[in-house]
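K.L.:
So the protein sequences, as listed, match chains A and B. For the first sequence, the numbering used here begins at 1 and goes up steadily by one. For the second sequence, the numbering used here begins at 1 and goes up steadily by one.
Rather than coming from a laboratory, the hints here were simulated on the basis of the structure. Misleading hints may appear alongside valid ones.
If several chains are the same, the list does not tell them apart, and a pair holds so long as it fits within one copy or across any two.
[Unchecked claim] With a Cα cut of at most 25 Å, we get these calculated BS3-like pairs of lysine-lysine: (1) Lys339 - Lys26; (2) Lys89 - Lys226; (3) Lys89 - Lys135; (4) Lys226 - Lys323; (5) Lys283 - Lys226; (6) Lys40 - Lys135; (7) Lys89 - Lys323; (8) Lys226 - Lys240; (9) Lys183 - Lys40.
There are 2 protein chains.
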Amino acid sequence: MRPTIRDVARLARCSIATVSLVLNNKDVSIPQSTIERIWKAANELNYRPNKLAVGMITKRTKMLGLVIPDNSNAFFGDLAKAIETAARKNDYNLILCDSDNNGQRDLEYISILSDRQVDGVIFVRSEGNQQDDRKIIQIADQNGIPLVTVDRTMHGEKVYSITLDNFRGGYLAAQHLISLGHKRIGCYSGPLELNSSHQRLDGVKEALAEAGIPYDESLLFVGEYKLGRENEALAYFLDKKVTAVFAFNDMMAFGLYVSAMQMNISIPQDLSVVGFDDIFFCKLVSPQLTTVRQPVSDMGVCVVETLIRIMNGNNDGQPAIRKFEPELIVRSSTAPPKKN
Amino acid sequence: MRPTIRDVARLARCSIATVSLVLNNKDVSIPQSTIERIWKAANELNYRPNKLAVGMITKRTKMLGLVIPDNSNAFFGDLAKAIETAARKNDYNLILCDSDNNGQRDLEYISILSDRQVDGVIFVRSEGNQQDDRKIIQIADQNGIPLVTVDRTMHGEKVYSITLDNFRGGYLAAQHLISLGHKRIGCYSGPLELNSSHQRLDGVKEALAEAGIPYDESLLFVGEYKLGRENEALAYFLDKKVTAVFAFNDMMAFGLYVSAMQMNISIPQDLSVVGFDDIFFCKLVSPQLTTVRQPVSDMGVCVVETLIRIMNGNNDGQPAIRKFEPELIVRSSTAPPKKN
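Bound-form chain A, shown alone (with noise of 0.2 Å):
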C-alpha cells in the first residue's frame, strides 16, 4: 500500500498538520527536532505527495497534453521526443496522444485531455476543418486550456502557432527544380484544408509564376501525409508526364521511392524528387533525398517554452505565429530532366 500522510504522522508522533507544514516548507515555528523527526519518517517510509490530491487543490496538474499525427512518422517521433524533453525540464509530464491523421480523434482528444485537465495543450491537427478547428478551440477555452499549435496552424484568431514559413518551403522547393530545367512538376501534397499544405503550393506556385511557367491544376495530386497512397501518386503523375515530383514531406518521398523501385522507375534519372522536413534518414536513403529542412528539435522546444509563458501568464508582447525559417538541402534525388 501507497503510504499516506496519515502514515507519516502517526510514525514521526505529530498531528497531520503538521506533517503538511513541514514537508510543504511552510515558514512556520516548528521545534528543529520535530522536523527533523517529520523528514525521516517520510524517508522511511518512501512518502511521496498524493498529486492528485495536489491537483484538486492546486488546480495544475503539472500535465501537458500532445496531439500529433503519427509517432511513426520520423518528424514527428524527433518533435515529440523534443517536447517531452523540454517539458520534463520544466517539470511537466507530456500524454502522448497519436491520431492517426484521423481528425476526429483529434476532437476526442481534447475533450480527453481537458477532462485530464492538463494545463495545456501542444496540437498539430490532423486535417484542416475550419468548424472543427474551431470546436477545439472552444472546448480548450471553456476549460480554460491554453492551446498552442506546432507545426500546423489551426483557422481561429486566438491561437498561438509555432510553425515553419512553409510558403518559403514550397517556393524553395520548386524553384530548384525549375534551376534544373523542370517544367512539369507534380506536387504530391497532403490535404489542401491544411494551411501548412496549401502554403506550400502556393511557394511553388509563385516560383512558377516568377519563371513564367503557368501553373497547371492537373499536375496536382492531393494525398496524405502518410504512407499508403504512393502507388497511385506516381502513376498518376507518370500519365501526366512530370518530370519531377515534389513531396510534401519526406515520408511521401520515401513512399514514392518504394513505388519507383517497384515499376523501374530511377530516381533521379527517370524522376527528380523533393522532400519536404530532412528527417535523419534523407542522408541514407537511395540516392539521398534533396529536401526542405524544417528545424524540428528548436520548434518542440519553442512550442513548449511558449506554452509555459501562456499558461503563466507572461506571453504579453509575443507574437502569436513564431515562424521558423526552412532551409533547401540539395543531395542526390534531383537532376536535370531527361532529354526525349
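Based on these hints, arrange chain B on the given structure of chain A.
P.N.:
The following block gives chain B in isolation, referenced to the frame of chain A:
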C-alpha cells in the same frame, strides 16, 4: 471557467445529489422529466466530470505510463504508437517518458509515474543495472502499480515481460553471415548488462560454435543502442580486419552506413552489415539492410493487453515471459567476404 456539477444542478433546478445519480446512470427512481432536464442542462453547459476527483474516489486514473529509451529511434517510435493505440482502445491514456537512454532517468520516471498514480507502467529499460532494476520494481510494488517490461527484460522475479527470443535473433544473424563464408564477424552491441544484448551475443556464440569457429572476444565493440559511437566502432572493426558486422539494432547499423560512406568503405563489397529490428527504413537505405525482424506492433498490443489483465487481476496461468519469434530478413547489405 469549466462548468461544475453545481452549475448543472442550478440550471436543472435540482440537487447536486440528484444530478450525480443521473449522470452516473444510477438505477434509482427519479422522474423521467427530471432526468431529461438534467441531461439537457449538462449538454448545454458542456459539463464533463472532473477526472481528478473521479480518480481520487475510484482510485483509478485510467492512465498508463510508458518509459522508452528514445522516441526518435523508429523502433521505439513504432512501439510507442502501437502502445498508445492499444491503450486508447481500452480507454486508457498514456504518459510518455523518454529516458534518452539514461538509466538514472528511468528511476526518476518510475517515481514520477507512481506519484501520478498511474494504473500501470510499461517499461523499456535504458540499461541493465540490476540494483536499479530492483529499485524500479520495488517502487512500483510499494505503490501497488503493475509493471510490464517490453523488448528489454529486467532482472527480478515477479516481472512480466513481453520480449523477443533474442538468443534466436542473434543466432539467425550470425548463422546467415557464417553461411556466406564470414569467419571474422564483429559484434556492435548495446550495453551487455541488458538481457537482450547478452542474449543476442549468446546466440552469436552458439552459431559460431556450431560452425566450429572460435569466439574471439576482441571482435566485440560494446556501444549504446543509439547513434553516436559509429565512427569509433567502424574504425575498431576495420583495425580488427572483420569482414562483417552484426549491429544489435538498425539505427546502429545505419550509423555504420554513414561512417562507411565517409570512409569510402563499400557495403557489402568491403563489409557486410546485419541489423536488428527491421524498421521501415531498412527497405529504403542503400544497400537495403539485412536484418532480424521484431514484430513491433504485435508486441505493443500484447504488452497493453497483458498489463490490463494484470491490473484487473485476470492474469493467472499466463507465463511471466512471453517471447515473440524473430525472423531473418535477407536484403542487400550482406555478401560473401572479399577474396584477398
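K.L.:
Of all the hints numbered above, which does this structure not satisfy? Sort the numbers upward.
P.N.:
1 and 9
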